[in-house]
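Using the hints, put the two chains back together into the complex; each one sits in its own frame.
Chain order of the listed sequences is A and B. The numbering of the first sequence is the working numbering, which starts it at 1 and goes up by one. The numbering of the second sequence is the working numbering, which starts it at 1001 and goes up by one.
It is worth saying that the hints were derived from the structure and are not from the lab. Predicted model only: the values in this text are computed from it and were never measured. Incorrect hints may have been included.
[As the list claims (entries may be wrong)] Covered stretches of chain B (chain A as the covering partner; in silico rule of three or more C-beta atoms under 8 Å from a C-beta of chain A):
id, segment
1, 1042-1054
2, 1059-1069
[Said to hold, decoys possible] Have a look at the derived ranges for each label pair, beta carbon to beta carbon:
id, chain 1, residue 1, chain 2, residue 2, range
3, B, Asp1049, A, Met1, 35 to 43 Å
4, A, Arg77, B, Asn1069, 24 to 32 Å
5, B, Leu1023, A, Ser105, 43 to 51 Å
6, A, Glu91, B, Gly1054, 26 to 34 Å
7, A, Asn104, B, Ala1013, 51 to 59 Å
8, B, Ile1064, A, Cys163, 37 to 45 Å
9, A, Leu140, B, Leu1040, 17 to 25 Å
10, A, Ala72, B, Leu1040, 39 to 47 Å
11, B, Asn1069, A, Ala154, 28 to 36 Å
Each residue gets a CB set at the ideal place from its N, CA and C atoms; glycine is no exception.
Read off the chains here:
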Amino acid sequence: MIEATTGEILDYLADVIERAERFGATVLPPNDAETVAWERDGNELLMDLAVHPPVGRRSRLVEIVLRERWRAAGSDRWELAEYGYELRHHELAYRRGLHRHDVNSFVRTYGVTTHAHCEATMGNPACRHYLADPACRGALDGFDRLYGLWLTGARPDCSQLRCLG
Amino acid sequence: MDQLYYTPREVAAILRISDDAVLDLIHRGELPALRVSPRLIRIPVAGFDAWREGRKPRRRRVVIRTASNRIAIGEGESLPEGAQTLRR
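Bound conformation, chain B alone (with noise of 0.2 Å):
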């Protein structure tokens, strides 16, 4: 399977900085990782590699417009009778 993240400590050595820098990078927020646990962070391998070529998302503009579709909360579950038709 391919790799899906790195340790901070694998960005450390792939970086040849230390493991407290690469922690201060995500703490600045500026290494996209997440926090998978109380003592566990992951750096996503396509964000890392992202970040490293220096390749930002574009912001998005964003509009309110009619609703051309309904959505549906929860597809396929059971919920008590009578919420059925409060769903969209």
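Chain A on its own, in the form it takes in the complex (with noise of 0.2 Å):
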């Protein structure tokens, strides 16, 4: 389980936003602002970030979503209960995500709290859901992911992935 203070939270958005703008992305509104947000529901905090790759005239054709929440686990704690780090190539048409689901049905049925998501063809999954190997350690390793694989140019090859159901 990842655990964080609300300093260090407050710290990471900065820190994942600041990745992205490194690697030349285009953050989208309203995290292209000055002062960017946590948005608080309850007991959870959530992070709802998406950005475009930098590739010119195409760009707006991919983006890069980034969401999370995570509860509160103590005073100043927070702990990551639930994410979706996601390629969505509409130019190339395939879907790529890494999730982790907070809910004991997943688990039961599946086993693993993470998973990973692939559609070759967007709309059009083979399997619904795929083992994530390695399990994603956050918003920063998930977008180097997914910017990775974006850089490759190529459609992911989802029969590559392990089939959990």
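Below, the structure is given as structure tokens:
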């Protein structure tokens, strides 16, 4: 379980945005502003960040979406409960995701909290959930892995992944 | 298709420095680069250009505010029975 203090959480969002911009990505509103925010919903904090990779005229056809839900875990402590990091490549029509679901039924069914999502043809998954190997270590890792995939310019080979069912 | 990345060797040629000097810049965290496999390092062209021109991202101020919308993790996914009601 990934845990952090409130101060660390605040820095973490700034780190993720900074990393995306260092790699030439365009951060989409509202996170392009001078001040950005975690959204608080009860005892949860939500990250909802989207960027376009730097492809010039075609960049709008590709987006990397980084979403997280953190849950309060005591005084000034938060734990990462759920995440969804996705590359949606509308030009090549594929979708690749790294997910963690905070639901007991998912764990009971698949034996894991984290999984990979892969649609070699967007909207047409051959398998509902793939093994996440390795599991993602957070939004910085998720960004790096998805940006790296986009950088190859190739559609992912979902058949190389192990289907969980 | 536009070139999206350089190899360390290509960057070394552009900068007229050695391959090892490029790797040193990467390991020090100065030059933005990704290890896309255990043996392959890629330097995104856009990140390289920004670094070479001295452009740095501005550090955001981060606050916590009341949520204004819901987010969904894994939109369009088929989740086990009962999971859908817990999704955001």
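For the hint 51 to 59 Å, verify it against the beta carbon of A:Asn104 and that of B:Ala1013. holds, 55 Å
How about the segment 1059-1069 of chain B: do at least three of its residues have a C-beta closer than 8 Å to a C-beta of chain A? holds (count 11)
Hint says 26 to 34 Å; check whether the CB-CB distance for A:Glu91 and B:Gly1054 agrees. holds, 31 Å
Holds or violated: 24 to 32 Å for the Cβ distance of A:Arg77 and B:Asn1069? holds, 25 Å
Count the residues of the segment 1042-1054 of chain B whose CB lies closer than 8 Å to any CB of chain A, then report whether that count reaches three. holds (count 8)
Does 43 to 51 Å hold as the CB distance between B:Leu1023 and A:Ser105, or does it fail? holds, 47 Å
Does the Cβ distance between B:Ile1064 and A:Cys163 fall inside 37 to 45 Å? holds, 39 Å
Range first: 35 to 43 Å. Now tell me if the beta carbons of B:Asp1049 and A:Met1 are that far apart. Because 39 Å falls inside the window, the suggested range holds.
Pairwise beta carbon distance, A:Ala72 to B:Leu1040, judged against the given window 39 to 47 Å: The hint (39 to 47 Å, Cβ to Cβ) holds, given that A:Ala72 and B:Leu1040 are roughly 40 Å apart.
For the range 17 to 25 Å, tell me whether the beta carbons of A:Leu140 and B:Leu1040 fit it or not. For A:Leu140 and B:Leu1040 the Cβ distance comes to about 19 Å; the hint holds.
Hint says 28 to 36 Å; check whether the CB-CB distance for B:Asn1069 and A:Ala154 agrees. Holds, at about 34 Å.
In terms of the numbered hints stated before, the structure departs from none.
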